[in-house]
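Sequences are here, hints too, so could you generate the full structure?
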Amino acid sequence: MKIIKTFVTGLVSAMLILSPVAYADKWGDQFPHIKATGDIPGDCSYEEMSKKNYKGKTLKINTHAVPVIGQPTALHAEQFAKLTGAKVDVTHTPAGDLYAKAMVPFKAGQAPYDIVFGFSNFINDWRQYLAPVPKKYMNSTEMKDVTKSHVGVSSWDGTMYQYPVDGDRHYLKYRKDVIDNPEYQKKYKADTGKELKVPTTWKEYGEMAKYFNGWDWDGDGEKEYGSAEVMKKDDLMFAAFFSRSVAYAKNPRTPGGFFFDLETMKPNINNPGFVEALGDWVEATKYVPPGGINFGLGDEIGSFGGGQTLFSFSWDDAFIAAMQDDSPIKNKVGTAPLPGADKVWNRVSGKWENQYNQAPYIVWGWAVGVAKKSKVQEMAFDYLCFFSNGANHQADLAIGNFGVNPFKNSDFDPQLYIKTMGWDADIANSYTKTLKDMEKSKNRVFPLRVRGVFEFTSAVATGTSKALAGQLSPQEALDEVAKEWEAIVNRVGKKNVQEDYAVGVKMEDNKL
Amino acid sequence: MNFKQKYVFLFPGLFVLIGILIFPIIFVIRLSLSGWNSYNGLNFIGLENYIRLFTDDPRFWESFFRLSFLSVTTVILQYVIGFALAHMVWKDIKFQRFFRVLFLIPMMTTPVIMTVIWRTFFHESLGPVNDILSNFGMSPKWLTDPVLAKFTVIIVEVWQWTPFMFLLLLAGLLSLPKEPFLAAAIDGASPVRKFLYVTFPLMAPISIGAIIIRLIEASKIMDTVYVLTSGGPGTSTETSSFYIFIKGLREFQMGYAASMSFTYLIIMIVSLTVIAKVLTKLMLKD
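Sequence order for the protein chains is P and C. Take the first sequence: its letters are residues 1 to 512, numbered as in the numbering used here. Take the second sequence: its letters are residues 1001 to 1286, numbered as in the numbering used here.
These aren't lab readings, by the way, just hints derived from the structure by calculation. Where a beta carbon is used, it is the ideal one built from N, C-alpha and C, also for glycine. Hints are not guaranteed to be accurate.
[Claimed, not checked] One-sided excerpt, in silico: chain C residues whose CB lies under 8 Å from chain P: (1) 1039; (2) 1125; (3) 1143; (4) 1231; (5) 1232; (6) 1249; (7) 1250.
See below:
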């Protein structure tokens, strides 16, 4: 009897212990994408989605071109269709046309797509046409894991209109095998009299990039260069410029607006802080690879991820590409916060403050919303919740060109990268620390999210690209941008822009 | 057939004309008088967009003059090369048919795809062109030098559209009467004199047509610029159509973009009419 009791107890215990594994395997076998983790329990897990029945219903999605975000959209659409019986039509659109492709039918009172992908800074123009995320999803296990910053980025004054699927921020990526190399450290010291270390200011960044520009420092028989940056006009270059500007122009002691003075709505874009940053950027054209001033995001990812440059900064993708299994520089790269500056502009006193300043830039990322006029809203939200469920999200994070980056608190656990992606422990630790510290910072800059945002960012792209091409000096270029910004503010209406901008300033001033 | 019946037969054509030509133009005019953008609807703002365009937008005019330079240069080159190639295969040469097909291939390819390939060729650090030139100590900045980038656009445009010119001119050459050439041969005219005094004048009408058609097409340069340089570096390769695209579909200033489009249309109609008249006078003076 005792033997039977022991056997039964043992069997039940074994079943209880092994049940999550069996549960995980069931879905991991059917869907190879999540093989590493299996299903992860949650309100939108594979298990939960398989209980839904959307047979006979069609979900229409407009997303970005393959691969960045377009590939995971299509992949999760296929999985969702298999699990629920729904028909999912996915349309792929180039980045530059995502806004108009949704906005034109929105303006005409139509909703050809149930789900529209775009960037989080579309929120102000799109929100009137999007359905707010229902409470049910706001209270889901998946949503509770989203960081405060990214809940803020996806929301407008407390109401969430964009479903979080991606979390973007700019940070520094560097070649660890060079910066930490004792021989290069000695050589650099001997040649320049300075320490070779992870740069903490943009000036140091420039000096090191210049030193390591145009010679074969990794012994692969090819020349390497200093830095890969997004400098191509109209290809997200404005975001790269803001990343370089925050150090000089985001002063924690002068709340009330980074892009504009919230009270007067006078643009700050041509103040000495921004001009200094643009001067650095013009200098950077000397240490980018040949053709570097025509690099878009894809080129930057390919260049740094392929081992061509010492530094890079912008979204996660270049770093993840460098850390993929097929990368020649896997585990040879490191991350750090964006460089700072030894001085910061005080726009109130109109003087430089000679003290160290660093500010994280929480750049907009991929965002997605459900059309208010969609007739299948519940299915649409289920799809989005499924898209970013634990298992899908962890698997997506590991693929550099998927464009899905950390935005959940659980993403900051280094073990995730060590165990499932094979990263070295110190790289995983520094990566998660870099991201975590940005979340904690009280000097963050959030993207500009005002009415007609594209007019503002397009003006920045045009002005800064003229400076990079040598057509105008940094001051002249930014004066031109400021003039254009003033004209846009007048067209949109000062009060309207002020009202919109106040929401962003609240976030920057840590009041939301 | 009475008078009314004639109109019944005219109606389908008229209906299509109104639907696909007249209505869009009227809509563009209406749109140009509105402030339609991401934050405003189709409101009426009078001539505000036109005032802004003529008094406060030097970028539009810069892009227009840049476009004029690019289109005139590309069309002249296309005409010269196209004429030379057509003249070559007009004669009885070996593999004549093969060459005729070969010269048409660029025109049959998709412009955007070919421009992506050209961009890869001219990529300054990864492209094969600079890879080869670096052996001779040269590495031109094909896409990032403000002057050279314009010539890169011209190279791609000339490559893509010379076959069209070739096709029109070859058709013209094949339709020429033989008698003037026989008379020139009897008179003992050299090949150069034959070309200058017989072929070229006889080809003038078709040359004018071909040049005008290509000028109309070249003045819409958009896909090449979009893929190759995005109008950069700076604004050095930005053309009118690319600038209108940025304002309309990137910044969603639809009303303003419509006013630019309409102004551009008027300028093109006027300037192409003048060019056609001048060309006719110059080439058909005898």
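ask   = Any hints this thing doesn't respect? Which numbers, in order?
value = No numbers; nothing is violated.
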